[in-house]
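Novice: Work the whole structure out from these sequences, hints included.
2 protein chains.
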Amino acid sequence: MELKPLIFITNDDGYDSKGIKALIEAVKDLGEVLVVAPDGPRSGMSGAITSTMPIRVRLIEKSDDIKIYACTGTPVDCVKLGLSEIATRKPDIVLTGINHGSNASICVLYSGTMGAAIEGCIFKIPSIGFSLLDHANNADFTESKIYVKLLAEQVLKEGLPTGTCLNVNIPKGSDIKGLRICRQASGQWIKEFKSSEDGSGQEIYWLTGQFRNDVPDDMTTDEWVLARNYISIVPIKVDMTDHSYVDKLKKWENLIK
Amino acid sequence: MELKPLIFITNDDGYDSKGIKALIEAVKDLGEVLVVAPDGPRSGMSGAITSTMPIRVRLIEKSDDIKIYACTGTPVDCVKLGLSEIATRKPDIVLTGINHGSNASICVLYSGTMGAAIEGCIFKIPSIGFSLLDHANNADFTESKIYVKLLAEQVLKEGLPTGTCLNVNIPKGSDIKGLRICRQASGQWIKEFKSSEDGSGQEIYWLTGQFRNDVPDDMTTDEWVLARNYISIVPIKVDMTDHSYVDKLKKWENLIK
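Sequence order for the protein chains is A and B.
All residue numbers for the first sequence refer to the numbering used here, where the first residue is 1 and numbers rise by one.
All residue numbers for the second sequence refer to the numbering used here, where the first residue is 1 and numbers rise by one.
No lab work stands behind these hints: they were computed from the structure.
Everything hinted at is true.
Simulated pairs of lysine-lysine, DSBU-like, Cα-Cα distance not exceeding 30 angstroms:
#1 A:K250 to B:K149
#2 B:K149 to A:K257
#3 B:K194 to A:K124
#4 A:K191 to B:K67
#5 B:K250 to A:K145
#6 B:K191 to A:K90
#7 B:K67 to B:K28
#8 B:K157 to B:K18
#9 B:K194 to A:K67
#10 B:K28 to B:K145
#11 A:K172 to B:K248
#12 B:K149 to B:K62
#13 A:K177 to A:K28
#14 B:K124 to A:K191
#15 B:K251 to A:K177
#16 B:K172 to A:K248
#17 B:K67 to A:K194
#18 A:K145 to A:K21
#19 B:K149 to B:K67
#20 A:K145 to A:K172
#21 A:K67 to A:K4
#22 A:K191 to B:K62
#23 B:K4 to B:K62
#24 B:K157 to A:K250
#25 A:K124 to B:K191
#26 B:K149 to B:K124
#27 B:K251 to A:K124
#28 B:K18 to B:K172
#29 A:K149 to B:K251
#30 A:K62 to B:K191
#31 B:K251 to A:K28
#32 A:K90 to B:K248
#33 A:K4 to A:K90
#34 B:K90 to A:K250
#35 A:K124 to B:K248
#36 B:K62 to B:K18
#37 A:K157 to B:K251
Specialist: Right, dumping it as structure tokens:
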């Protein structure tokens, strides 16, 4: 008997969030589902790992085709622990999200959703991170589920190159114009702090901010197509080397001999 | 009167670690130093940001040329808060480390030291992350300081391209053979968990592991040169797009219309 594909799922909003439930529902007919997700919100955890505290995991739900575990760690911990200690075979695909909020442009660097997808990719498993451009807890994932299933099926069928995963962002609402393959827009978050006082009058800072797109007219970026109601897919590399600059720096080798 | 260069420093081992003290000492003659660093260890924090808790900062030390602040946030929070709220002018360079332990290969993705350097780069400031291949609290940074100063001077003089920072790893010991410009080795951490029990007999996991180099014979990688006692410099890009794969994926645009 041929085994069904094993679909590994995690996120950064927690195992109980609406987004991960939508993701499970979108792909559950494609195979066996194993979820190992944080036991609460872990937004903005990037590729963080937990090395100074123990990590705990507990079974939440178990049926023939779906197992859900909650984990005290980060999204990347969930992938590491799930793939090394919980899965009984190597998953065919790693799916993360659906994140409540955009992970376009440089947010790929802060996102726990994308941190987890990149980790799946390090494990040499085709991996996709999904995000919906709606931060609300009760965001509507109805439309997203259609595209999530379509893309998961496509990647199960065609695979992805080793070392490359996908960052998929989906516009809010039901008026999706199509799908575009993009590059990550360059930009920066600005006005990032709101200063305030705690109960005893001590100064505190809250992270907030606005995204400033440095290339607003560049039609090849994720931000450009998302603003025009297209789903964006950016292929993301584990190898962060700036290969174009390696040769230019070679002369620096003479600094030390 | 011409202003001295402003050197912004942070790390992930905390403001009180030996490595950051070595970094400050190495570069203090090159300009004015502003340190905003975590108030304790934040290893493995990658590009994580703190959005659900307030961030606090306190002045530790202040002289004409060196100011040191401790911050409750992550390394990236330290860069964001330091540059937006504490620095009174834009720094000329961002230096992070010196990390106690290697950040070569894929560790760039987990490292708080490199998360902070990448954040400096997002702020369009030439940025370098330094790591010494010695995890010990009392690691010897004497030799490292010479190379740190040399490379900081070089970057202050020549700059770096926008969107690219440097990941510098320094072998342990005093028998340094030279400097090599490299690419990030591909690999994976394996055997990552030690399972154990807490005081009440509940199962817990501790993150541990061994690095498996997937390209041990590739002379162009950081791991290869470090094993041969060369300092490695990998230019690291903020843009994680796999540009070579964008065109190949274009046909997927037909999946949704």
